[in-house]
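Engineer: These protein sequences, in sequence, are chains L and E. Letter by letter, the first sequence follows residues 29 to 217 in the numbering used here. Letter by letter, the second sequence follows residues -2 to 562 in the numbering used here.
It is worth saying that the hints were derived from the structure and are not from the lab. Remember, predicted model here, so these are calculated numbers, not experimental data. Here a beta-carbon is modelled for each residue, glycine too, at the ideal position from N, C-alpha and C. A portion of the hints provided could be inaccurate.
Said to hold, decoys possible - Derived lysine-lysine pairs resembling DSBU-like cross-links, with alpha carbons at most 30 Å apart:
no.: 1; chain 1: E; residue 1: K393; chain 2: L; residue 2: K168
no.: 2; chain 1: L; residue 1: K30; chain 2: E; residue 2: K393
no.: 3; chain 1: E; residue 1: K487; chain 2: E; residue 2: K40
no.: 4; chain 1: E; residue 1: K271; chain 2: E; residue 2: K146
As the list claims (entries may be wrong) - Example chain L residues on the side facing chain E (calculated, C-beta under 10 Å, incomplete):
no.: 5; residue: L42
no.: 6; residue: P162
no.: 7; residue: I178
For reference, the chains in residue letters:
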Amino acid sequence: MKKVLIGGIGNVLLGDDGVGPYMARLLEARYEFDEGVEVADLGTPALDLIDQLSGKDGVILIDSISIDVETNGTDVVPGTVVLYRKADIMRLRPSVRMDPHSPALVDALLSAELFGVAPRDLLLVGIQAESFEPSCSLSKAVTASLDGVIAEVLRELDRWGVEYRLREHPAELDLWWAAEQTLESSVAP
Amino acid sequence: MAKRITIDPITRIEGHLRIDVEVDNNAVSNAWASCTMWRGIEKILRGRDPRDAWLFTQRFCGVCTTVHAMASVRAVEDALKLEIPLNAQYIRNLILIAHALHDHIVHFYQLSALDWVDIMQIPKADPAATSKLAESLSPWTGNSRNEFKAAQDRVNAVAASGQLGIFMNGYWGHPAMRLSPEVNLLAFTHYVQALEYQRKALQVVGILGSKTPHIQNLTVGGVANAIDLDSASALNMDRLEMIRVLLTDVVRFINEVYLVDVCAVAAMYPEWFKIGKGVTNYLAVPDLPLDSAGSAYDLPGGIIMNGNIAGVHPFKTAADKEFREAVTEDVAHAYYQAGKPLHPWVGETEPAFTGWDGEQKYSWVKAPRFNGQPMQVGPLAQVLVGYAQGHPLTRKYADLAIGKIAAVGGVHVTPDMLHSTLGRHAARAIRAGMLAELAQKHLQLLTDNVAKGDYTVHNPPVFSGEVEGVGTHEAPRGTLSHWIVVKDGKIKNYQAVVPSTWNASPRDASGAHGPYEASLLHTPLARPEEPLEVLRTVHSFDPCMACACHTFDPSGRQIAKVKVL
């Protein structure tokens, strides 16, 4: 049995940064997974992410991304889904650690590698954000991308030979922070 | 001529700390601390049910989740004058202690040890000599030659691969690095071992809080844990035993490794007991309540002004009248609409961004003041306030640490030398020793109370009219306070004054520096373009800019920009 983590990362109080936790809860409500699969809303874990990554065969992380024009050359439309694999992330430089938030995903993965506990496979499903202003709602552009995010997650599980099935009766979607927001995604169950 | 150096981890979105220093003749002549993100999250809380506030505040910060949850329920309980059942106090205290132990271990090994430890010296170390040295300092069982050899092999493999990975950004070979290869290897090996113990501490939080990183068991008026010694799903003797076993391991790591390592490193860098003094007004609040009303505590609080330790002024309660009345926030140099300093209950958060201007506005952090004065918060404040009051547990671990430093390096640390960069590290280790002992005490208190047949965990809140409250917590980074105004069962105003706001405070209207800024003045820099010494002092505060978001920046620019002007 493969040990797999599907983790949503981000701050639910900062607009589109909440897309990771939102997706984790959506996946958990809609699907049943193999026994070795853990689906988690990880919040903004910084270095505690080392623990979450450790000892897993495969990890899928869902997080907002911020690609700017300067580095990319052209604008990236909000809601665009971009995939990063373990090698892509390991190539990046770790942060100079000013505070515990500086060491984020890159540092956690590099540390896990040094400690010999890093997952063999890692996929980051990134969603280009539109806004990080304090808010408990996702932007329209990001909401429209949720279908695509689910498809990428399931495709990766297929590649790893990990089973999942739609729940006959979807569980209640617990988005306590988004009480006044329309909760449905565009995804048909 | 003065040079200006900016250290800015330029990830674009997260709320990061930025430090600017002016350097004259290889010493810091002026300093600015700023935060690069707007802290406007509190606005989200207005109009919501105060019973839910803790769920939201727990998301302010992914590192300090539980502390913001706890301060929030305490704020509402203070507003309602609600007492908390004993079991709930003990369970909360255990969560707070376990989280703090985790946090202190992570801070030292993951976030600051490499300011002092030169990884690139490790290949030169003799593992047998390292083992001999380590065994002379501590009975820890992870100090064998084989342990050190395995850790050294890990570093050799990284060095040989040419891919430095996690070590890419260190100031290796910097002239301010001075440990022997053996001490470097010893500290690095414990950095690897620390991972297991920080995880065990978090497991305690998970058992009591049902989940980490976000606990689920809090409620205004107590906790939601079902206690039933005969039920498999409730908090029962099996679970209490699991916690006891985990804590035993964590306590051993704190006493035999962390505390010893801090003392050993400190003994090798005695000049750092004279650097990094800064603001010597200290503030700590009492915490770890021992009764329902919150009238007796295991951690003392109070204030010390102008470094006058003998003149300590204790606080009686965690929401002491004096504290409630003394706190204001000044925005003279922060990116908010101008106005006079405001008390948090009437605090405003209206942004007015101008861009960085060291003479005018330069930070998103407000300047909290206590009766108009900047205050340093954190383990050093707590240890000094406790030591000055003759608090036996504080004295026990402070004297133990001072004795160890003297034994290793012949350095006699006086209380006055604790106003320093190393003083902050030593105080954090002293506090960890105290908390480790208190973890076992509070587990016993809980076990005994439950064994008596008391299963009560909750007193229901009742709302009416308009009420104000403050919830405090002596968090790993220092005094945290959440300020709430509740009207007709809804939140009217909410402000969080977090520890790093006190410490990272910008100048106020009178021009008085915040603690980070003041502590950097006069720091000597061996190589200004590699400002390792600045990082040492900043890290000694354990900075954490709350309410960070966690977006992934694929440009690979997660490197601090050190800009020399």
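Engineer: Now, for every hint given, state plainly whether the structure supports it.
Structural biologist: A quick look at each hint next to the structure:
| no. | hint | result |
| --- | --- | --- |
| 1 | K393(E) to K168(L) | violated (58 Å) |
| 2 | K30(L) to K393(E) | violated (49 Å) |
| 3 | K487(E) to K40(E) | holds (13 Å) |
| 4 | K271(E) to K146(E) | violated (35 Å) |
| 5 | L42 | holds (4 Å) |
| 6 | P162 | holds (5 Å) |
| 7 | I178 | violated (19 Å) |
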